[in-house]
Amino acid sequence: MPDKPDRNAIEVIGVSKIFGTGEARVAALDNVSVPIRENEFFTLLGPSGCGKTTLLRLIAGFDFPTDGQILLYGNDIAPLPPFKRPVNTVFQNYALFPHMTVAENIGFGLQMLGKPKAEIEARVSQMLKLVKMEALAKRRTSQISGGQQQRVALARALAPQPKVLLLDEPLSALDYKLRKEMQIELKRLQNETGITFIFVTHDQEEALTMSDRIAVMSAGKILQVGTPWDIYDKPAERFVADFIGETNFLTAKIDNVANGKAKATLKSGKTIPATVAEGFTPKGEATIVVRPEHAKAVKGPGELSGTVENIVYFGTDTHILVRLDDGDLFTVRQQNSRSASCGFEEGERIGVSISDDAAQVLKD
Amino acid sequence: MATAQETAEKAESDDIRTRWLLSAPALLIIFFAAIGPLFIVLVYSFLAPGNYGDVKWQFSTDAWMNVLFERDIFDDTLSFAKANLSIFTRSISLSLLTTILTLIFGFPTAYFIATRPEGRREIWLFLITIPFWTNLLIRTFAMMEVLRNEGLINSLLRFLGLTTAPIQFMYTDFAVLVGMTYVYLPLMVLPLYASMEKIDFRLVEAGYDLYASRMQVLRRIIVPLVKPGIIAGSILVFIPSLGAYVTPRVMGGGTNLMIGNLIELQFGQGRNWPLGASLSITLMAIVMVTLMFYVRNASKTGAGHG
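For the record, the sequence lines run as chains V and L.
Counting from 396, one number per residue, gives the positions in the first sequence under the numbering used here.
Counting from 4, one number per residue, gives the positions in the second sequence under the numbering used here.
Rather than coming from a laboratory, the hints here were simulated on the basis of the structure.
Possibly wrong hints are sitting among the right ones.
[To be verified] Derived coverage of chain V by chain L (criterion: at least 3 residues anywhere in the stretch with Cβ under 8 Å from a Cβ of chain L; other residues may be distant):
no. : segment
1   : 469-478
2   : 500-510
[Claimed, not checked] Residues from chain L shown here face chain V by an in silico Cβ test under 8 Å; the list is partial:
no. : residue
3   : Leu99
4   : Tyr174
5   : Thr175
6   : Asp212
7   : Ile224
8   : Leu228
9   : Glu267
10  : Gly271
11  : Gln272
Nothing here was measured: the structure is a model prediction, and the numbers come from that model.
Every residue, glycine too, gets a C-beta built ideally from N, C-alpha and C.
Please put together the full structure from these sequences, using the hints given.
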């Protein structure tokens with residue numbers, strides 16, 4: 396990951412957004428604060444209704460916050476209408492103008508900014524080249540495919556050289572292969588243009604593969620902000636661990652908390668080391684999380700033991716579902732090899748070994 | 004045993020016969036109710052007028068001559084029928100103005116309705132259609148009550164001390180225009196609404212996002228997208244305005260005639276049915292030419308969506 400400068404492109408400070416009044420009052424955002432650094436690919440991740448799109452719309456200017464400030468390079472833009480913010484949006488359904496050609500769509504923003512015609516033309520052809528759409532410049536937007544529309548939407552939003560580009564689930568309408576392609580394309584565009592991207596998605600895989608940093612949101616709040624690695628391997632809260640990736644939750648007694656480490660005593664009586672989020676001191680019983688790929692199914696005794704309940708083949712790997720002796724279900728992910736089977740059978744009694752740095756203690 | 008091809012051909016001819024039989028009732032109605040009467044009008048326009056109305060069954064092109072020219076009764080010379088021409092131009096200009104006014108008033112109205120929450124739009128549409136429940140004549144007389152010398156506006160002006168003598172609104176082209184705009188406004192609002200309702204308002208947001216001001220969004224995004232509705236509404240208002248009869252009669256008095264009144268005159272007091280018939284066909288021709296011009300113009304610039 397390249398070094399990112401420390402300047403903040405966007406600073407969201409104590410922003411709340413309340414829709415409706417009285418009984419129908421809903422807080423879509425509840426006192427949210429987050430800095431977004433210059434040139435970073437920042438993702439707002441969360442289930443639908445978590446407030447991520449609301450936050451994006453507040454930054455774009457389509458809605459106005461009930462409370463709080465949104466700073467763009469230090470200036471509060473929260474009260475400005477969208478056409479006075481140097482911020483552009485790629486919409487979920489692209490929202491391309493159906494009565495204009497591809498080139499007209501891309502040039503629209505520049506035209507509205509009152510740029511001279513020659514400059515618009517030069518910039519449009521530059522953008523067409525950037526998204527590899529030169530051949531289709533004269534087409535109407537209804538005459539191109541979904542993936543192509545996506546590219547035009549990107550070019551249109553990038554053409555006026557915004558300070559920040561907002562992307563509202565732009566890949567959700569594409570099929571799997573095209574989505575993979577566009578993910579790489581988006582990363583490339585971000586690297587080439589050096590523009591700060593704020594990307595909204597509910598797809599955790601998309602978030603993990605593309606982002607510099609991720610903010611996980613739920614019920615109008617930001618639960619955790621961090622690099623994909625932070626979010627995946629050191630989730631601070633149960634929701635974050637549960638929402639991202641597959642997870643095993645175990646209950647354990649925690650003691651000896653020091654320097655972000657602790658001793659977790661499992662129900663089986665075995666003790667494993669666990670990491671603890673900064674500034675959090677768990678006491679007594681707590682939930683710890685172990686990712687399926689950080690545990691191993693073993694023939695002999697392990698930290699846990701149980702019976703193989705189900706074996707699911709996924710192509711690249713196999714999931715072994717183990718019914719632990721205390722009744723909980725535990726998933727172990729094991730990489731497949733071409734020649735051998737996974738080596739276990741349903742109904743077999745096995746041990747589960749948990750590697751030393753695998754467990755993380757959660758705030759509930 | 005029939006070959007496959009013969010079977011297919013027979014099935015197809017059976018299919019065609021069934022289709023004709025099934026559409027026969029509709030075709031009969033169209034023939035007798037639409038084409039038939041029109042044909043009678045066309046035939047009448049080439050006959051001579053009878054003494055007490057009706058027609059004499061002898062071929063004559065006098066009626067068609069009289070649409071545009073008048074024959075001087077003394078020296079038999081032809082000159083342009085100034086009265087007829089002025090009525091035609093007044094009809095066309097009043098109808099155009101009505102169309103423009105209904106568009107100016109109808110556009111914001113339709114936009115207002117289309118941007119209400121989905122459940123409330125029906126109520127607004129319902130309110131728009133309420134005038135249709137009342138007889139046209141009564142609605143027009145109601146408008147007269149607003150405009151006449153002792154009417155609402157003049158009383159208000161005098162009450163406020165702005166005028167001492169009543170302003171003559173009634174029996175002017177202005178009164179006809181007000182009346183027609185009022186009567187035909189719903190015909191503009193409904194197609195405009197139908198078009199606007201289909202607009203994806205995210206396009207409007209996209210416009211704002213790309214630095215378009217409110218006026219620019221209106222001009223560059225909303226109007227082009229509503230164009231099919233503007234065309235439909237304009238046609239729906241222009242055509243009946245051109246042939247309007249009741250409104251110019253009530254609001255314009257006897258002096259501010261439109262084509263509709265002129266035609267009525269020929270079948271009534273004028274006792275010149277052939278002239279009435281030829282004027283009717285002229286009116287139809289004007290409408291058709293205008294429509295063709297309009298539709299062609301519209302499809303040239305508005306192709307590709309709608």
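* Asked: Can you name, in rising order, the numbers of the hints this structure does not satisfy?
  -> Those not satisfied are hints 3, 4, 5, 9, 10 and 11.
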